[in-house]
Amino acid sequence: MNRSMIPEFAVILENVSVRYRIPAERYGTFKEFAIRWLQRRVRTQSFWALHRVSFEVYRGEVFGIIGANGAGKSTLLKVISRVMRPTEGRVRVYGRVVPLLELGAGFHPELTGRENIFLNGAILGFTRREMEAKFQRIVEFSELQDFIDAPLRTYSSGMWARLGFAVAIDTEPDILILDEILSVGDEAFQRKCVARIEELHQHGVTILLVTHNTELVASMCSRAAWLDHGRLQLVGEAAVVAQAYRESQFTGIPQVT
Amino acid sequence: MKPLLVYDSTFRGIPPLEEVREVIRYRDLIFQLARRDVTTRYKRSVLGIAWTMLNPLGMMVVLTIAFSHIFRFQTEHSYPAYVLSGLLAWNFFSQTTTASMVNLVWGGGLLHRIYIPRTSFALAAIITGLINIGFALVPLLLIDLFTGVPIRWTLLFFPIPVALLAAFALGIGLLISTFAVYYPDVVEMYNIALLGWMYLTPVIYPVGILPETIRAWVMRLNPMYYFVEIYRSAVYYGRLPTLDVIIPAIGFAMITLIIGWVVFTYKSDEFSYRV
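First to last, the sequence lines map onto chains A and B. With this note's numbering as the guide, the letters of the first sequence map in order to residues 5 to 261. With this note's numbering as the guide, the letters of the second sequence map in order to residues 11 to 285.
If you are wondering where the hints come from, they were derived from the structure by calculation, not from laboratory data. Owing to the predicted nature of the structure, the values given are computational and were not obtained by experimental measurement. Hints should not be assumed to be uniformly reliable.
[As the list claims (entries may be wrong)] Okay, the calculated beta carbon distance ranges per label pair:
{"hint": "1", "chain 1": "B", "residue 1": "Y283", "chain 2": "A", "residue 2": "R40", "range": "14 to 24 Å"}
{"hint": "2", "chain 1": "B", "residue 1": "I141", "chain 2": "A", "residue 2": "P113", "range": "14 to 24 Å"}
{"hint": "3", "chain 1": "B", "residue 1": "Q105", "chain 2": "A", "residue 2": "N73", "range": "40 to 50 Å"}
[Said to hold, decoys possible] Below are the DSSO-like pairs computed for lysine-lysine, each with C-alpha atoms no more than 30 Å apart in a straight line:
{"hint": "4", "chain 1": "A", "residue 1": "K138", "chain 2": "B", "residue 2": "K53"}
{"hint": "5", "chain 1": "A", "residue 1": "K138", "chain 2": "A", "residue 2": "K196"}
{"hint": "6", "chain 1": "A", "residue 1": "K35", "chain 2": "B", "residue 2": "K277"}
Where is the CB? At the ideal position from N, CA and C, for every residue including glycine.
Based on the sequences and whatever the hints tell you, model everything.
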C-alpha cells in the first residue's frame with residue numbers, strides 16, 4: 005500500500021447510536037416469555053446507550069474518552085472493536101484494533117502459561133505461526149519465564165494480568181484500546197506498561213484511553229471526548245475537555261452544549 | 011507493509027458468506043478452542059484422555075447387561091458392538107450440539123469483549139467431537155474383535171458417516187444456540203428433548219423390534235435414524251449402506267447445515283445486544 009493512501013483518520017464515528025431493548029418486565033426464561041406472549045403482554049422499553057455520537061480520531065494520536073459510569077464508554081468501545089454493530093449511524097475503523105479491556109479474557113486456569121499465550125493470541129486473530137515468532141518476547145516481557153509451563157490456576161492475579169498485558173501489547177495493533185488498565189500489577193510493572201505504551205505511540209499506534217481519571221487524560225492525551233448519558237458533551241483538546249468534565253462533576257450540571 | 015484492515019459497520023455483505031470468510035481467517039482460533047476443550051476436560055484426572063474411550067465402554071456394559079440379558083434383543087452381530095456403535099454416533103450428536111449451545115451461552119463473555127467469529131464455539135465443539143469419536147474407534151474395534159463382528163473393508167468409509175453426522179450436528183447446534191441466546195432455559199428443554207429423541211432412534215434396540223407403523227414413521231421423520239444406520243454400516247454391519255439410506259442422510263445433513271448456518275449468522279449481530 006502506498007503511504008499516501010493511508011487515511012488520516014484511525015476511527016470515524018458518524019451519528020452512532022446504540023439502542024438496547026429491555027423488556028419492561030424481566031423474562032428470564034422461555035416459559036415466562038411464552039406465557040406473557042400468549043397473554044399479549046410482552047412490552048419492551050428501549051434506551052439509548054449511545055445517541056448520535058460523532059467524532060474522529062486521528063491516526064497516531066492518544067485520544068481520551070471520559071465520562072461517569074454508565075455514560076456509554078464501554079458501549080462505544082464495543083462499537084469500535086467490532087463486538088457490536090451500531091443500531092444507527094456508521095463506524096469506520098482503519099487498522100487492526102486490539103482491546104486491552106479485560107486482560108487475559110479467554111485464559112483458561114487449567115492450561116499452562118505457554119498454552120494460554122497461544123490461545124489468547126488466536127483470540128486476538130493471530131495464527132499459530134505468528135504467535136511462535138512472538139512467544140519468546142511475550143514471555144520475557146511478562147517476566148514469567150520460570151512459571152510458563154505451570155497451569156494458570158497457580159498464578160497470582162497480578163501474574164495473570166501481566167501475562168494478559170504481555171500478549172496484548174505484543175500484537176502490533178494499529179489501534180490500541182486501554183480501558184482502565186493502568187492499575188494492574190505492581191508499580192514497577194505499571195511503569196513498564198506505560199513505557200511500552202509510549203513506545204507504541206512513537207511507532208505511530210493510535211491509542212484510545214478510557215478512564216475517569218482526568219489527570220491521566222490531561223497528561224497523556226492530545227485530544228479527548230466526554231460522554232454523558234450516551235451523548236457526546238464535548239470533544240477537543242484534552243486539557244480543555246478534562247477541565248470541563250471536572251467542573252461538571254462539582255456542579256453536577258453538564259454546562260456545555 | 012501489511013495491508014490495513016478496514017472495518018465499516020454499514021458494510022454487511024451476505025452474513026452467511028462473510029462468516030465463512032471470517033472462519034477461514036480465524037481457523038487457528040477454532041483449533042485452539044478445540045484443543046483447549048480436549049486437554050482441559052481430563053487434565054486433572056488420573057486416566058486422562060482414556061476416559062473418552064472408557065466412558066462409552068462403561069455404558070455399553072450396563073446396557074448389555076440390561077437389554078441383551080433381560081430383554082433379549084436379537085441383533086445381526088453381537089449386541090455389545092451394536093449398542094456401542096449406536097452410542098458413539100448418538101453421543102457425538104448429543105455432546106456436540108449441547109456443547110456448542112452451552113459454550114455460546116455460558117462462555118459467551120468473550121463475545122462481549124472482543125470480536126471473534128460467532129460460529130467459533132460451535133465449530134470448536136464439532137472438532138472436539140471428531141477427536142473423541144476418532145479415539146473411540148479403538149475400543150469399538152476391540153469389542154468388534156472380541157465379540158466376533160467381522161471387520162471388513164467398509165471400515166475405510168468410516169469418515170463419510172462421521173462427516174454427515176458432523177454437518178447435521180453443526181446445523182442443529184447453531185439453530186438451538188440461536189434460541190438459547192435469547193432464552194437460557196432452552197438448554198434444559200433440549201436435554202429433555204434429547205432423551206426422547208434417543209428413544210426414537212435405534213441406538214440401544216434393533217430397529218426390527220418396532221411395530222411396523224411406528225417404524226415407518228421413525229424412518230421417515232427421524233434424521234438420526236439414517237446417521238446411526240450409516241455409521242453402523244461402516245463399523246458394524248460391514249456392508250455399504252443402500253441408496254435409500256444414503257440419500258436421505260445427505261439431504262438431512264445439507265439442509266440442516268444450511269438452515270442452521272443462515273439463521274445463526276443473520277441473527278448473530280443481535281447476540282451482543284443480549285446481556
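Evaluation of the provided hints:
1. B/Y283 <-> A/R40: 14 to 24 Å: holds, 20 Å
2. B/I141 <-> A/P113: 14 to 24 Å: Since the Cβ atoms of B/I141 and A/P113 sit about 22 Å apart, the hinted range of 14 to 24 Å holds.
3. B/Q105 <-> A/N73: 40 to 50 Å: holds, 41 Å
4. A/K138 <-> B/K53: holds, 27 Å
5. A/K138 <-> A/K196: Distance ~18 Å between A/K138 and A/K196 Cα, so the pair holds.
6. A/K35 <-> B/K277: holds, 21 Å
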